Amino acid sequence: MLLDPKAGILVQGITGREATGMVEDALAYGSRIVAGVTPGKGGQQVHGVPVFDTVAEAVAKHQPTVSVISVPAPAVLDAALESFAHGIRLCLIMSERVPRLDTCKLVEAAKRVGCTVIGPNTLGLICPGVAKLGTIGGRLDNVKQSFKSGKVAVLSRSGGMTTEIASFLTSRGIGQSIAIGVGGDPIIGANFTELIELLENDSSTDAVVIYGEPGGAAEEQLAERLKKKPSRLRINAFLSGRFVDDLEGVRFGHAAVIVEGGRGSVRGKAAALREAGVFVADAFDDILKGLQANAE
Amino acid sequence: MQNEECKMRLLEHQAKKLLAQFGLAFTRSVVVSSPEAAVDAAKQLQNFSFFTLHSAFVLKAQVPFGGRGKAGAVRFAVTPDDARREAGELLAMNLRGVQVTSVSVEEKLAFTREFYAGVAWDTQAKLPVALLSIAGGVEVEQSSHENLARRAFDPWMGLSPYIGREMAASVGLKGRTLSGMGAFLEKLAQAFLACDAVTMEINPVVETTDGVLIGLDAHVEIEDDAAYRQKERLAAIGDIAPTATGRAPTALELESQRIDAMDHRGVAGRVVEFDGDLALLIGGGGASLTVFDAVRRHGGKPANYCEVGGNPTEEKVAALTALLLSKKGVKKMAVIMNVVNNTRADVMARGVLMGIEKAGRKPSEAISVFRIPGSWEQEARDLLAKAGVRALGREISLDESARLAVQHVA
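Line by line, the protein sequences are chains A and B. Each residue of the first sequence is one higher than the last, beginning at -9 in the working numbering. Each residue of the second sequence is one higher than the last, beginning at 1145 in the working numbering.
These are computed hints drawn from the structure, not numbers from a lab. These figures come from a predicted structure and were not determined experimentally. Just so it is clear, CB atoms sit at the ideal spot from N, CA and C, and this is done for glycine as well. Mixed in with the good hints, there may be bad ones.
Estimated spans, in silico, between C-beta atoms of each pair [to be verified]:
{"#": "1", "chain 1": "A", "residue 1": "GLU8", "chain 2": "B", "residue 2": "GLN1522", "range": "21 to 31 angstroms"}
{"#": "2", "chain 1": "B", "residue 1": "ALA1392", "chain 2": "A", "residue 2": "ASP236", "range": "17 to 27 angstroms"}
{"#": "3", "chain 1": "A", "residue 1": "GLU187", "chain 2": "B", "residue 2": "ALA1254", "range": "31 to 41 angstroms"}
{"#": "4", "chain 1": "B", "residue 1": "PHE1166", "chain 2": "A", "residue 2": "GLY267", "range": "39 to 49 angstroms"}
Residues of chain A placed beyond 10 angstroms of chain B at every Cβ, according to the derived structure [what the hints assert, rightly or not]:
{"#": "5", "residue": "ASP(-6)"}
{"#": "6", "residue": "VAL36"}
{"#": "7", "residue": "ASP43"}
{"#": "8", "residue": "ALA208"}
{"#": "9", "residue": "ARG222"}
{"#": "10", "residue": "LEU223"}
{"#": "11", "residue": "VAL247"}
{"#": "12", "residue": "ARG257"}
{"#": "13", "residue": "GLY258"}
Covered stretches of chain A, going by a simulated chain B footprint (3 or more residues, C-beta under 8 angstroms) [to be verified]:
{"#": "14", "stretch": "67 to 76"}
{"#": "15", "stretch": "130 to 143"}
{"#": "16", "stretch": "192 to 198"}
{"#": "17", "stretch": "264 to 276"}
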């Protein structure tokens, strides 16, 4: 499983306003938050969770291997490097507006130590019935209504749509093994391809629903990988923003065109995924058709 | 929608000033804002006519987008008097809703070859990538494989000149040009990382008759999210023009920006106007895209796109509601959001009801559907029920909600 239910969870920036609320909701859902870090605020407690000045101390006392980062954007790179230096294996970055250079630097550093990074700019992830990281799903009653345990993984480029898709599946009796908001930035840690590769080794997942949007090349990259090497997972996708393809005047520089190689349109993404054997739902409700076709 | 617009595009002369600090050379130029000043600039440049074709000038409108050549915004002049005339014409131009207020007057260089050099982000490799083409010019993205070198580099280490030389060698450059290009790309990459750029392009870079590499144009975009640590650099190059992509904003779009800026709490904006009869108050970002697509798929005609989220205030929601309903030809409004946890459904409901009143309409006839499941949903349902509106719950999907919204307009 991507999130080991026994793993201790650390929250960096735990005394911040958003983090405090997030910790309360995550603890209520059963997440094993064992320690928090805010430099200079060691010795305090947040909803009963001990706060340390450094990740080193928190790790020495409570051995967390998962970290949730909720610090101001300028402090994200440093916080991430601190977590990598002390053996964190899964690092989820909630902070928004992280400069791209910082994201690239921390992703490079994570590669060297073998840490999986989710985000930045993610609402989090949830393993229904086990634990959640981040604010995904909100308060306990809302989380319980939206998510239920099952075999479908939801991977979404939109935080709100992660819950919406899970809630839709739950209301139709389909449970989820995990739901991940992969992060809304152009450059993120683990993208669809890397997450699918992790989920292929996860026996609790049979099928996947991907939510994609215009821009970037995450969907095309996944399609390329699936064409080279088919997945044991049954993959379904829903892509929104088809109308953006037809908007006038969205012009990119030469460099972006060369680097992205004409990728980015919803039409192109849908075609690439279909060609790679993915069921692409034309309408939101058709996600069900895909999953039912899978099951037969 | 993904943040393609979250960047600042510098004007050409600002970009050159910034890049010059990293040791990159550009043609000498003077920025003017009147035809008379263009004459003085031309005379001043004439005094240095050592490298130039006999007193020839280029005049370029300073606007924050490309494609100036095709738009007639790049002119040539032989005498200072020509410069006056061309500058006058450029300063009278309005391109994509942007009035030209400054013109760069430059010496016209004699050169033997032209190249394209750029740095951008590869979002899938998650690395900066340097680009070099021996086919500089407007259609550089059409460069054939053997004319284009492309190398990702480590964001911690930057681009060592040897990488630049390898790129130069791979497209057939030799001798002094090869070494010079190695150093040129190193400096460009250094500038890219130091300035938190999204894109840096020098197109063309030319090799003068005496073998020097000089940039004739520069395109630089700086990431908005890094502006906090680029203040000094940006202050030194003057005011940054608002980025203009696509068509000029409509009055309704401008008013929605003003409403969104009323209060920093939450988003109630990002409006794009369309020619339809169903106003949409939709969110968050992903659900907005989904609902807009679904309305069109079910044969509806959206009057606008918008994004609402992050728990905006009642006042913002009310102002936006009234604005969207005031658009000519709008029959009804659909309020549809994904399952919310941060945004409060009751705050949204109160704002929408206030806005409808402001617009002089009745909730029961103005609202086609209201679907905001999640936090404070029951309170929202009660408020709406009092106003004669039945709210939809999470069991009605985004798609089905959009279908009902379209049905109720017909």
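query = Quick check: the stretch 67 to 76 of chain A, covered by chain B? Criterion 3+ residues, Cβ under 8 angstroms.
reply = Coverage by chain B is violated for the stretch 67 to 76 of chain A (0 residues, Cβ < 8 angstroms).
task = Report holds or violated for chain B covering the stretch 264 to 276 of chain A, Cβ cut-off 8 angstroms, minimum 3 residues.
result = That given contact holds, which follows from 4 residues of the stretch 264 to 276 of chain A lying within Cβ reach (below 8 angstroms) of chain B.
task = Return holds or violated for the Cβ distance of GLU187/A and ALA1254/B against the range 31 to 41 angstroms.
result = 55 angstroms, violated
17 to 27 angstroms as the expected CB spacing between ASP236/A and ALA1392/B, which holds or is violated = Once the Cβ atoms are compared, 19 angstroms apart, the range 17 to 27 angstroms for ASP236/A and ALA1392/B holds.
query = Are all C-beta atoms of chain B more than 10 angstroms from that of ASP(-6)/A?
reply = 25 angstroms, holds
inquiry  = Minimum C-beta separation from LEU223/A to chain B exceeding 10 angstroms: can you confirm that?
reply    = 20 angstroms, holds
task = Using the Cβ atoms, figure out if GLU8/A sits within 21 to 31 angstroms of GLN1522/B.
result = Since the Cβ atoms of GLU8/A and GLN1522/B sit about 25 angstroms apart, the hinted range of 21 to 31 angstroms holds.
ask   = Taking the minimum C-beta separation from VAL247/A to chain B, is that value above 10 angstroms?
value = Given a closest Cβ separation of 4 angstroms, the condition is violated.
query = Are all beta-carbon distances from ARG257/A to chain B longer than 10 angstroms?
reply = 12 angstroms, holds
Interface-negative label, ARG222/A against chain B, beta-carbon threshold 10 angstroms = Non-interface label on ARG222/A holds, nearest chain B Cβ at 23 angstroms vs cutoff 10 angstroms.
Three-residue Cβ test at 8 angstroms for the coverage of the stretch 192 to 198 of chain A by chain B = violated (count 0)
Given as non-interface: GLY258/A, partner chain B, CB spacing beyond 10 angstroms = Since the minimum Cβ distance to chain B is about 14 angstroms, GLY258/A lies beyond 10 angstroms and the statement holds.
In summary, the numbered hints that this structure violates are 3, 8, 11, 14, 16.
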